[in-house]
Amino acid sequence: MVSFERFTLANGLQVLVHEDFTTPMAVLNVLYDVGARDENPNQTGFAHLFEHLMFGGSVNIPSYDEPLQRVGGENNAFTSNDITNYYITLPAVNLETACWLESDRMLSLAFSEKSLEVQKNVVCEEFKQRYLNQPYGDVWLKMRPLAYEKHPYQWATIGKNLMQIEEAKMEDVKAFFNQFYVPSNAILVVAGAVKTAEVKKMVEQWFGSIPSGVKPVRNLPQEPAQLQEKRQTVEANVPLNALYMAFHMPARQDASYYAADLLSDILSRGNSSRLYRSLLKEQQLFSDINAYHLGSIDPGLFIVEGKPAPGVSMEAAEQAIWQELDRLKNETVVEKELTKVKNKLESTMEFGEMSLLDKAMNLAYFELLGNAEDLNHETGKYMAVTAQEIQEQAQQIFRKENASILSYLAKN
Amino acid sequence: MDRTQAPAFKQVEHISLLNAKKYPLDNGIPLFFIDAGEQDLVRIEFIFDNVAWNAASPLQAFATNALLQEGTSNYTAAQLAEKFDYYGAFLQKDYSYDQSSVVLYTLNKHLSSVLPLLREILTDAIFPQSEIDTFIRNQQQKLSVSLEKNDVLARRSFNQVLFGNTLYGHAPVVEEYAQLQRSQLLEYYKKAYQPANCTMVVSGKVSETTLKSMNATFGNNWEGSTAVDKNEFSFITGTGKTHFLERPDALQSALRLGQIAINRTHPDFPALQVLNTIFGGYFGSRLMANIREDKGYTYGIGSGIASLKDAGYFFIASEVGADVCTAAIAEIEKEMKLLRTVLVSEGELALVRNYMLGSLMGSLENAFSHADKFKNTYFFGLDASYYERYVQTVRTISPQKLVELANTYLQFDKLEKVIVGKQ
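Sequences listed follow chains A and B, in order.
Each residue of the first sequence is one higher than the one before, starting from 1 at the first, in the numbering used here.
Each residue of the second sequence is one higher than the one before, starting from 413 at the first, in the numbering used here.
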C-alpha cells in the first residue's frame with residue numbers, strides 16, 4: 001500500500017506526495033508525457049536525444065549535475081516509447097536543491113550548441129554500444145517496423161538510424177521543448193522523509209510561476225488489425241540462430257491486459273514455467289527461451305524468443321512454440337497453475353515496495369495512466385483474472401495472422 | 413527568489429547503520445540477522461566460501477552452484493521448481509570470486525513451506541546426469557554468444573592478465589564445459605556445502621519464529637567434516653603491457669585498464685575510494701566530464717576498485733568509438749597525470765565529500781542494503797567501525813594525501829591495458 005496526497009498547481013502541474021519516514025532520503029520524480037511515439041517519423045530518436053540535453057544546463061543554472069552532487073544527490077533519466085522520466089535521489093533535508101534544479105529546467109533550457117554537438121556524439125556511441133556492436137543488438141530495429149506499419153511504435157527510442165540523430169538542429173530542440181516540456185504535460189512526485197505541507201509550499205514557490213503552456217493533444221495513427229502473418233529473415237555474424245515471434249496484444253489500460261500479462265508468466269516466469277520446462281528441459285529443443293511483453297500504453301507486442309538447440313531446425317523450433325501456444329488456446333489453465341502465477345505476482349508487488357524510487361516512479365506512471373490510486377488496486381486486478389479470461393486472451397493473441405516472425409540466422 | 417542562487421543546504425551529519433545481530437544455530441553455523449522494514453517478507457542468504465581450487469577442473473565450483481536445485485533424493489528438478497514458484501518464492505544462486513551463495517526471497521507467510529525445500533537442496537542434492545548434460549549444452553551456447561561481445565572479451569583478458577591461472581583469472585572456454593563430470597560436482601558439494609563452511613544472513617521482517625525455524629531446519633542433522641580447504645591466492649603486480657585483440661568489424665573498442673591494488677582490509681582503502689570517485693567513480697568524475705561530456709567519445713566511462721578476499725584491483729572500463737580509441741586512451745593518461753601532479757581543488761573535493769556521504773546514506777535503503785553493508789565488513793574480518801572510518805576519511809582527507817595516493821596507484825605506465833576492437 002503506497003499512500004499519497006495529490007494537488008494541482010494553477011499552471012496545471014500535477015503533484016503527488018508520498019511520505020515515508022523509514023528513510024532519511026527523498027526522491028523527486030518528474031514524468032513528462034512524451035516519448036518516442038510522439039516523434040516525427042523523419043526525426044526519430046529525438047525524445048531520447050532531448051533527454052540528454054536536459055542535463056546540459058538550464059536558463060539560470062549552467063550545470064545541472066554539479067549543484068546536485070554538491071548536496072549529496074544523484075540523478076538519472078530514461079526515455080521509453082511512451083514517456084520520459086527524470087529522477088533525483090538526495091538527503092531529504094536538501095529537497096529544495098532538487099526543486100530549484102528541476103523547476104529551472106522546466107522553465108527553460110540554456111540551449112547550448114556545444115551540449116547539442118557533444119550529446120549527438122554520445123547518443124551515437126550509445127546507439128553503437130547497445131544496438132549495433134552487440135550480437136542480436138539490432139533485433140528491435142528490425143522487429144518494430146515488421147510488426148507495426150502505421151503506429152509510431154515502429155521505431156525504437158534510440159531512433160531509426162544514426163543519421164537522423166546527427167541531423168538534429170537547435171531549432172528542433174527548442175520547438176520540442178516548447179511543445180512538450182510544459183507544466184501541464186508533467187507529473188511531479190515527491191517521496192520520502194518529507195511532510196506534505198512543506199512540499200506543497202516548496203513546490204508552489206519553485207514551480208508555481210512557470211508558464212502553463214498548452215498540453216499537447218496526442219493524435220497518433222493507430223495500428224490496424226493485422227490480417228496476415230508477416231515474416232522476415234536476417235543473416236548476421238552471430239554464433240547461433242534465433243527466433244523472434246511478436247503478436248499484437250491489448251493496450252495497458254484495456255481490461256484484458258491483466259490476463260495477457262499472466263499469459264507471459266505462465267509461459268516464461270520461473271523454472272517451472274511452460275516454455276522452460278517443456279521446450280528447454282524436457283524436449284531439449286532450445287538452449288534459451290523466453291516470453292514477455294513490452295508493457296506499452298498503446299496496444300503492445302507479446303514476444304516469444306528463443307535460440308534453438310544445436311541440430312534443431314528453425315522450422316522445428318517454431319513448430320514446438322506453436323504447440324505450446326495452441327495448448328493455451330485449447331485447454332483451460334488448471335487452478336493450481338493459476339494460483340502459482342498469482343502468488344508470484346503478489347510476491348513481486350510486495351518486494352517492489354521496498355524501494356522508495358520504485359514507489360515514486362510507479363505513482364507517477366499510474367497517475368499518467370489515469371489515477372495513481374490504481375497502483376494500490378493492481379494486485380487485486382491480477383487476483384481477479386479467471387482461467388477462462390486467460391484462455392480467451394491466448395485465442396485472441398496467438399493467431400498466425402496476428403504474428404510477425406523474425407528468423408535471425410547465423411551466417412554460414 | 414533568485415533562481416541563479418542555489419538554496420542553502422545541509423551536510424549529511426549522521427549516517428546510521430543497523431548492526432546485524434548474531435543468532436548461532438545449534439550446530440555452530442553463524443546466523444546474522446537484520447530486522448527492519450514494513451513489508452512482511454524476508455531474504456535468506458546461505459553463503460559458502462569457495463574451496464579447493466583446482467585449475468584442472470576450473471568449472472567445478474560454478475557448475476555445482478548452478479545445479480544445486482536440479483534434483484534431490486526426494487524431488488526432481490521439475491518438482492522443486494514447481495514448489496518454489498507456487499509459493500511465490502525466488503531462489504537465486506550467486507557464484508562469485510570468493511563465495512558461492514544460495515539466496516531465498518519469500519513472503520513470510522510462505523516461509524515454512526519453502527524452508528524444507530532449501531534444506532533438501534543444501535543437504536541432499538544429487539546432480540542428475542541428464543541435468544548436467546542440459547546445463548553443459550546451454551552454457552556452451554551462451555558462452556559462444558558472450559564471446560562475440562567486446563566488453564566481455566576485454567574483461568576475460570584483463571582478469572587473466574592480472575590473476576593468471578587462478579579462480580580470479582580464469583575465463584571459461586567451451587571445451588572445459590564438456591569435461592565436467594558428475595563426480596566432480598558431488599565431490600565439490602561435499603567439500604563446500606557443509607555447516608563448517610556456511611554463514612547465514614537473514615534480512616527483512618525477521619521474527620523470533622523465523623529464527624527458531626531456521627535453527628530447527630538447518631541447526632542439526634547436517635553432516636559435514638570440520639576441515640575446510642579454503643582458497644588462498646597471492647599475486648604479483650605486472651609490468652604494465654598493452655594487450656590488443658583485433659576485431660575487424662568493430663564500431664567501438666572495449667577498453668579495460670588497471671592493476672592490482674589494495675582491498676578493503678588495507679587502511680588506505682577508503683581514501684583510495686575518494687580518489688577513485690574523483691577520477692572515474694561518479695557521473696561528474698574527471699573521466700566522464702572529459703571523455704563523455706566534453707569530447708563525446710563514449711556513452712560511458714568509469715573506474716572502480718574491486719575488493720576480493722586475496723586481492724584488490726583498480727580498473728577503468730569503457731566502450732569508445734573505434735576511430736577515437738587512441739585519443740580516448742591519451743585522455744585517460746592525461747587525467748591520471750593531473751591527479752598525480754596537481755592538488756584537487758577544495759571546491760571539487762567538497763563536492764565529492766558530500767556526494768559520497770549522500771550516496772552512502774542513499775545506499776541504506778532497506779534491510780537488504782544494511783545486510784549488504786554487514787557482509788562487506790564481516791567477510792573481510794572488519795566490524796561496523798569500518799564505516800565510521802570510511803565516513804571520517806571522506807570528511808577529512810586532504811588534497812595532499814590524494815596526490816600521494818595517485819602517485820602510488822594511478823601510474824599509467826604500470827597499468828595493464830586491454831583493448832578489444834580497433835586501435
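Hints in this document: simulated from the structure, not taken from any laboratory.
One or more hints might be untrue.
[To be verified] SDA-like mimics (lysine to any residue), calculated; alpha carbons at most 25 Å apart, straight line:
(1) A:K114 x B:Y498
(2) B:K433 x A:K114
(3) B:K521 x A:S355
(4) B:K785 x A:K329
(5) A:K329 x B:K433
(6) B:K834 x A:V238
(7) B:K521 x A:K114
Quick caveat: nothing in here was measured; it's all calculated off a predicted structure.
Okay, the hints, checked on the actual structure:
1. A:K114 x B:Y498: 55 Å, violated
2. B:K433 x A:K114: Violated. K433 (chain B) to K114 (chain A) sits at ~54 Å, over the 25 Å cutoff.
3. B:K521 x A:S355: 21 Å, holds
4. B:K785 x A:K329: 49 Å, violated
5. A:K329 x B:K433: 52 Å, violated
6. B:K834 x A:V238: Given pair K834 (chain B), V238 (chain A) holds - Cα atoms ~19 Å apart, limit 25 Å.
7. B:K521 x A:K114: 57 Å, violated
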